[in-house]
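Top line first, the protein sequences correspond to chains B and D. Residue numbering for the first sequence follows our numbering, starting at 490 and increasing by one per position. Residue numbering for the second sequence follows our numbering, starting at 490 and increasing by one per position.
Because the hints were derived from the structure by calculation, they are not lab data. Careful, some of the hints might be misleading.
So, partial list: chain D residues that the calculated Cβ filter (under 8 Å) puts toward chain B [to be verified]: (1) Asp504; (2) Asp508; (3) Pro525; (4) Leu811.
Taking lysine to aspartate or glutamate and the EDC-like style, the derived pairs with C-alpha atoms no more than 20 Å apart in a straight line are [unchecked claim]: (5) Lys609/D <-> Glu772/B; (6) Lys609/B <-> Asp810/B; (7) Lys609/B <-> Asp732/B; (8) Lys609/D <-> Asp624/D; (9) Lys609/D <-> Asp771/B; (10) Lys609/B <-> Asp504/D; (11) Lys609/D <-> Asp810/D; (12) Lys609/B <-> Glu772/D; (13) Lys609/D <-> Asp771/D; (14) Lys609/D <-> Glu815/D; (15) Lys609/B <-> Asp624/B; (16) Lys609/B <-> Asp759/B.
Quick caveat: nothing in here was measured; it's all calculated off a predicted structure. Heads up, the beta-carbon is just placed ideally off N, CA and C, and yes, glycines get one too.
Protein chains: 2
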Amino acid sequence: MNSPLQTDTTAVATDVTIDHVRAAAARLASVAVRTPVLPAPSLAARTGGQVMLKCENLQRTGSFKFRGAYNALACLTADQRAAGVIAFSSGNHALAVATAAGLTGTTALVVMPADAPGAKHAAVTGLGARVVTFDRYREDRFALTERLATEHGLTLIPPYDHPDVIAGAATTTLELTDQSDPPDVLVVPLGAGGQLAGAAVVRAALHPELRLIGVETAAGDKNRRSLQAGHRVRIPVPRTIADGVTGEIPGELTFPLIQRHVDDIVVVDDSDITVAMATLFDECKLVVEPSGALAVAAIQAGHVNAPAQRTAAVISGGNIDLPRLETLLRQT
Amino acid sequence: MNSPLQTDTTAVATDVTIDHVRAAAARLASVAVRTPVLPAPSLAARTGGQVMLKCENLQRTGSFKFRGAYNALACLTADQRAAGVIAFSSGNHALAVATAAGLTGTTALVVMPADAPGAKHAAVTGLGARVVTFDRYREDRFALTERLATEHGLTLIPPYDHPDVIAGAATTTLELTDQSDPPDVLVVPLGAGGQLAGAAVVRAALHPELRLIGVETAAGDKNRRSLQAGHRVRIPVPRTIADGVTGEIPGELTFPLIQRHVDDIVVVDDSDITVAMATLFDECKLVVEPSGALAVAAIQAGHVNAPAQRTAAVISGGNIDLPRLETLLRQT
Chain B
490 MNSPLQTDTT AVATDVTIDH VRAAAARLAS VAVRTPVLPA PSLAARTGGQ
540 VMLKCENLQR TGSFKFRGAY NALACLTADQ RAAGVIAFSS GNHALAVATA
590 AGLTGTTALV VMPADAPGAK HAAVTGLGAR VVTFDRYRED RFALTERLAT
640 EHGLTLIPPY DHPDVIAGAA TTTLELTDQS DPPDVLVVPL GAGGQLAGAA
690 VVRAALHPEL RLIGVETAAG DKNRRSLQAG HRVRIPVPRT IADGVTGEIP
740 GELTFPLIQR HVDDIVVVDD SDITVAMATL FDECKLVVEP SGALAVAAIQ
790 AGHVNAPAQR TAAVISGGNI DLPRLETLLR QT
Chain D
490 MNSPLQTDTT AVATDVTIDH VRAAAARLAS VAVRTPVLPA PSLAARTGGQ
540 VMLKCENLQR TGSFKFRGAY NALACLTADQ RAAGVIAFSS GNHALAVATA
590 AGLTGTTALV VMPADAPGAK HAAVTGLGAR VVTFDRYRED RFALTERLAT
640 EHGLTLIPPY DHPDVIAGAA TTTLELTDQS DPPDVLVVPL GAGGQLAGAA
690 VVRAALHPEL RLIGVETAAG DKNRRSLQAG HRVRIPVPRT IADGVTGEIP
740 GELTFPLIQR HVDDIVVVDD SDITVAMATL FDECKLVVEP SGALAVAAIQ
790 AGHVNAPAQR TAAVISGGNI DLPRLETLLR QT
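Assemble the whole structure, with the sequences as input and the hints as a guide.
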């Protein structure tokens, strides 16, 4: 993470307080979906207690990423908004930034690998954003993004390492604890850590008794390894079907929050994930992408022991098309 | 409808009042899912206003049928409960009765065609019900069900033509009008009419200004034909992918309610249904079975004109497996 962009990002205030989260919730109130909390009786047997699902796959743009992107864009100054924003992502963050840009009256430029699926390119341009592609094998996306940002005076909206993005992601947990009695255990999918770091902020400020568990892939257990090492560890690009969580290193801002306020990190493999996706489809009637199913996978694999307790699992996203879902689940 | 069973059913009180609906809602409060109402911005353009989805596919057992079945079983006397109940269905009503039986401490016998898919048989027995199969080509299911009911002293739980079942189904609409400002237009999938008749009761008692629209398949437009004729008309078994709504005649109790309190009935064809199912999958991340998608299909096909108004569509069920969903949508 030696890119100048990353350094720029961390130069802003790194503290995320519960006041930031409450302010984000107020900004999101009229534009985000207050996503439902659904019971999942078929999963309850695996924890020994009750299980609820916080369905961010039903969020605007199909993932929790909308919360962070919108909050970040809503915090821009009028000048920044007039100039526009830039993001690199071919996935949920791209959809979130493009949608949030339309809602906040700014323009978004999305940097995307040239070999990203055409449907993703079309989805982002369909939302009114411009797309710039780059060659993943020859070009440095950090350098390209920085050059474009500088040339056009654009504000970078990072996918997780930004206080406003983390505060936005944290509203999932704040909302959950407002919708029902706070759970005893909260299980959260974990990639670079935006959603889990947000949960950590809410837990630390409001619900210290809440047990907080992150779930990452066995192939991409960068947070678990980093916790063991006591500092952020870089791993090889993980090979997993969970394409939303393929980063190589925990976030700079997210990792310290996880380090301080998360009780445990458990891992699941790809077959645990597809079993969870099948259960969510068949029993819960929910379309969930692989990375979105990590928390449910951990519960179903028996990694969350919470007898006589209430466990909530975040479903972080549902952006998967039917042919891919069918291909992945055919093998279960 | 000359079966003695049907006559027995109509011998009970045929009036369904809002008090019955409120009592049903109280019985269901601790066991049913308060299903979410989700915005569907991509459908809004077709009505000219806002569109919300009332997601009964996320109801316990995967369809609204749980509401009616549970309410009917909860109304049984202790003697009736001790003796057990009987239902004929290979679909959502069977799952609903089997589940409700387990919750109310009674036993269920489900009469199912011998050639129903093995998965449906297994699902119902997995819920603790007993299954009796019959040969659809040689045996009369009405006669068989009546014989079994008489022999074993079982109470028949009909799928729609029963006041307690209609009152239970009506709680969907009561709940919807409590969850958000009542919509201006309510669009409801329509088979024999249980869900729509329930909506009619709530509309008549509480929201006379609400415009109520039923949606049936073009191949199975028995309610539309019956309204035109002024009495219940029997049609040939409809050929449609919407296997939840293949009845041949409107219900005896449901039809008069529909006749009095429904503003319009519109029809959709199978291709409208698959387009709606694809939208619900891709944009709303919801698994919806063909008959469950009728209301959304009507909106998307442009049959609901409600400029500057709020339209709610009921999604009535989500019981479809992934291979069948994939097969149906491959052709869209």
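Quick rundown of the hints versus the structure:
{"no.": "1", "hint": "Asp504", "in the structure": "violated (33 Å)"}
{"no.": "2", "hint": "Asp508", "in the structure": "violated (28 Å)"}
{"no.": "3", "hint": "Pro525", "in the structure": "holds (4 Å)"}
{"no.": "4", "hint": "Leu811", "in the structure": "holds (6 Å)"}
{"no.": "5", "hint": "Lys609/D <-> Glu772/B", "in the structure": "holds (14 Å)"}
{"no.": "6", "hint": "Lys609/B <-> Asp810/B", "in the structure": "holds (11 Å)"}
{"no.": "7", "hint": "Lys609/B <-> Asp732/B", "in the structure": "holds (13 Å)"}
{"no.": "8", "hint": "Lys609/D <-> Asp624/D", "in the structure": "holds (16 Å)"}
{"no.": "9", "hint": "Lys609/D <-> Asp771/B", "in the structure": "holds (13 Å)"}
{"no.": "10", "hint": "Lys609/B <-> Asp504/D", "in the structure": "violated (54 Å)"}
{"no.": "11", "hint": "Lys609/D <-> Asp810/D", "in the structure": "holds (11 Å)"}
{"no.": "12", "hint": "Lys609/B <-> Glu772/D", "in the structure": "holds (14 Å)"}
{"no.": "13", "hint": "Lys609/D <-> Asp771/D", "in the structure": "violated (26 Å)"}
{"no.": "14", "hint": "Lys609/D <-> Glu815/D", "in the structure": "holds (19 Å)"}
{"no.": "15", "hint": "Lys609/B <-> Asp624/B", "in the structure": "holds (16 Å)"}
{"no.": "16", "hint": "Lys609/B <-> Asp759/B", "in the structure": "violated (23 Å)"}
Checked against the numbered hints given earlier, this structure breaks hints 1, 2, 10, 13 and 16; the rest are met.
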